[in-house]
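2 protein chains.
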Amino acid sequence: MNSPRINQERLWQTHLDLARIGALPDGGCSRAALTDEDRRARDLFAGWCREIGCRVSVDRVGNLFARRDGVENGHPPVACGSHLDTQPHGGRFDGISGVLCGLEAFRTLHDHGITTRLPLELIDWTNEEGVRFRPGLLGSTAFAGRIPIDRVLATVGTDGARFDAELERIGYGPAGAAPHRLDSFFELHIEQGPILENRGARIGVVTGVQGIRWLEVEIEGVDAHAGTTPLPARHDALLAAARLVDRARAIGLDAGDDARVTVGRMEVAPNSPSTIPGGARLVIDFRHPEGATLDRLEARLRQAASDAADSSGTRARIAKTLEVAPVAFDPACVAAVQAAAEARGLPSLRMLSGAAHDAMQIASVAPTAMIFIPCKDGLSHNEAESATAEDLGAGCQVLLDVLLQRAAKGAVA
Amino acid sequence: MNSPRINQERLWQTHLDLARIGALPDGGCSRAALTDEDRRARDLFAGWCREIGCRVSVDRVGNLFARRDGVENGHPPVACGSHLDTQPHGGRFDGISGVLCGLEAFRTLHDHGITTRLPLELIDWTNEEGVRFRPGLLGSTAFAGRIPIDRVLATVGTDGARFDAELERIGYGPAGAAPHRLDSFFELHIEQGPILENRGARIGVVTGVQGIRWLEVEIEGVDAHAGTTPLPARHDALLAAARLVDRARAIGLDAGDDARVTVGRMEVAPNSPSTIPGGARLVIDFRHPEGATLDRLEARLRQAASDAADSSGTRARIAKTLEVAPVAFDPACVAAVQAAAEARGLPSLRMLSGAAHDAMQIASVAPTAMIFIPCKDGLSHNEAESATAEDLGAGCQVLLDVLLQRAAKGAVA
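These protein sequences, in sequence, are chains U and W.
Remember, the numbering used here sits 865 above the position in the first sequence when you count from 1.
Remember, the numbering used here sits 865 above the position in the second sequence when you count from 1.
If we strip away everything but chain U, and leave its shape as in the complex, we get (with noise of 0.2 Å):
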């Protein structure tokens, strides 16, 4: 491979400064979308654009654009990037990796005084995490044409503040322009799993994101006093809830590697020690790389709740409120990924990702791809998320290769 070598000490200071914007005790960042933190870190990001010569733009729902033109600019740059807002108590790496590996890979082209054939484009989408506007992904949606402008810039956030009038307040809209054409996108990201880790791999080559389903599952039982009701009497709402949630996995167990199933919320009622619960509702959050074994788990999920209603004399109603189907990435930018990673010698694994990324919305509008990190014991959405210098310089590496890959055939020094 040609391409100049990144800097992975430079890299990881750039970590080190932006994570100083809403830094938390335990090490961690509380960025919302749209905040005064978020704010911060865009003017520092679009100041650290500027500063190797790119052009820094916005559109209409806020994503910030930094643009690095290259020999034929009428062609649709080769873009890559990720977000740069954050859970409440998360972490320096989540999203923010891509954008500023984005970033070190633009500042080393800039070293060597290189100009690309293609344009490039490095990018912040706007409100990935969904926890102040929902749902997430909200800016690489609207790229895509996925959800009216009008729709994201009228959404009103947890604190009842419109995210048109905070995008304003911050100094980034919403008078920006329209969605363009990319030639292609790239999105580096640490893979939040510890399947690199634990496999000794360094470069997760992603193949596609994992359809997502949830199922709302409300149990009605009946209140009834502790002490006096006979166990065979009983209506319990959470002894079901309980019996469904083991059999959930032992079905998503039954269904595969790929297969995950979860039940991260439950809320009993009355929730009191000495009362029956008349009630209870739980999420189970499904997901696979193929419809057609969706459809199996759910119809599966669904018989399941009803058994446990039936087993315990309650009720079960279901409903299905979140369906995400799966996405297959671009096989040619796929296998950029996994050629770059051949090319340094680094221990690839090609896998399937598990959350949803802005990379699965525009995979729907440019040929599109994922480059996975290791991050220490699987760890996200937690202050303790962590990657190393190493493997963070390692996956810069492999995104500047493939941008070069892609961009700069016949790239002239």
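If you are wondering where the hints come from, they were derived from the structure by calculation, not from laboratory data.
Please note that the accuracy of each hint is not assured.
Where chains are identical, the list cannot tell them apart; a pair therefore holds if satisfied intra-copy or between any two copies.
[What the hints assert, rightly or not] Cross-link-like lysine to any residue pairs, in silico, SDA-like; alpha carbons within 25 Å at most:
#1 1241 - 1178
#2 1185 - 1210
#3 1185 - 1132
#4 1185 - 1214
#5 1185 - 1085
#6 1241 - 1096
#7 1241 - 1212
#8 1241 - 1085
#9 1241 - 1136
With the hints as your guide, set chain W onto chain U.
The following block gives chain W in isolation, referenced to the frame of chain U:
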């Protein structure tokens, strides 16, 4: 039986009159202890008692005593009663019927000009429900000398108000008399369970109260991303909790008809659909009339918590947060209740109380028994709580008969 007939219609009307205080839209009542509603209920009740010649007094914790003199007034009184406070969405019968049936018994004696040999006393115990001031049974526990009066007076309510200040504010203390001796105590109460209704019995002859223990189980796993973390790599605290709930049910069934095992409260953290829960906390409430069985249940439930944690890669911390020993009522008092029911031709059933009652505390200082009457579908702590005028009348009659049997050998007309 020579005792006069109680007036069923008057008893029912008294229930309706009292239910206007703190009335809720669906037919229930909200009268937390020492609130303005409690004051109004006390004032109304005390007025009724004075109308029939009773002397009303208050002790230092606000327990209300309506004394009806007999012939031998140096002898401790034969007492009855229960409580007028309610759950936040309580009914019109839980506790209240025990007080109002006592009132109807006294009114009947008054109507017939009967003076008993021993004096009688009708008691409204303070703060039985434990909704505003914790724990429940505060008034009867203090009367029985099982908690220091000063500690009761210093109790701070869920709304930040102090017990003694509120007692003063509503005009019921805290300058009252010290506890006095009782000849005996009889508490009529709705069953709060379905057993009488299901077996077609009209009088529950309560032989004792089950012991109660609470195990609070805190499960510690690891928060992780629902989409990225393979099932075998998880440390899912909710999965452990769910398995424990199901196992606790089986352990309860295994311990026989008298065992009650309930998980009524569960909290999950962080309780987000797309995060594997790293934390879960639940309370296991278990009850049985025998201490040895409670010990065995406790050992099995502790083991089950530990097993459930092990099976899901989590850790369980277990704390016993409540332990109430079983109470056996006085055989002579119990026999008197049974004899009265039989003499009136009322189908009766010897049974245990699964719930705690003031009588549990009073049993430690005076011969005590309880009379249960059926309630619709076993419901209580619920606005839909319901008892029929006929069942109330039957229970009231048994109460009067028992009071006369105990107090009035040699009653003079």
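Verification of the hints:
no.	hint	in the structure
1	1241 - 1178	between (44 Å within a copy, 18 Å between copies)
2	1185 - 1210	neither (44 Å within a copy, 57 Å between copies)
3	1185 - 1132	both (17 Å within a copy, 23 Å between copies)
4	1185 - 1214	neither (33 Å within a copy, 49 Å between copies)
5	1185 - 1085	within (18 Å within a copy, 30 Å between copies)
6	1241 - 1096	between (46 Å within a copy, 18 Å between copies)
7	1241 - 1212	within (17 Å within a copy, 69 Å between copies)
8	1241 - 1085	between (41 Å within a copy, 19 Å between copies)
9	1241 - 1136	between (36 Å within a copy, 23 Å between copies)
Violated hints, in rising order: 2, 4; the structure is consistent with all others.
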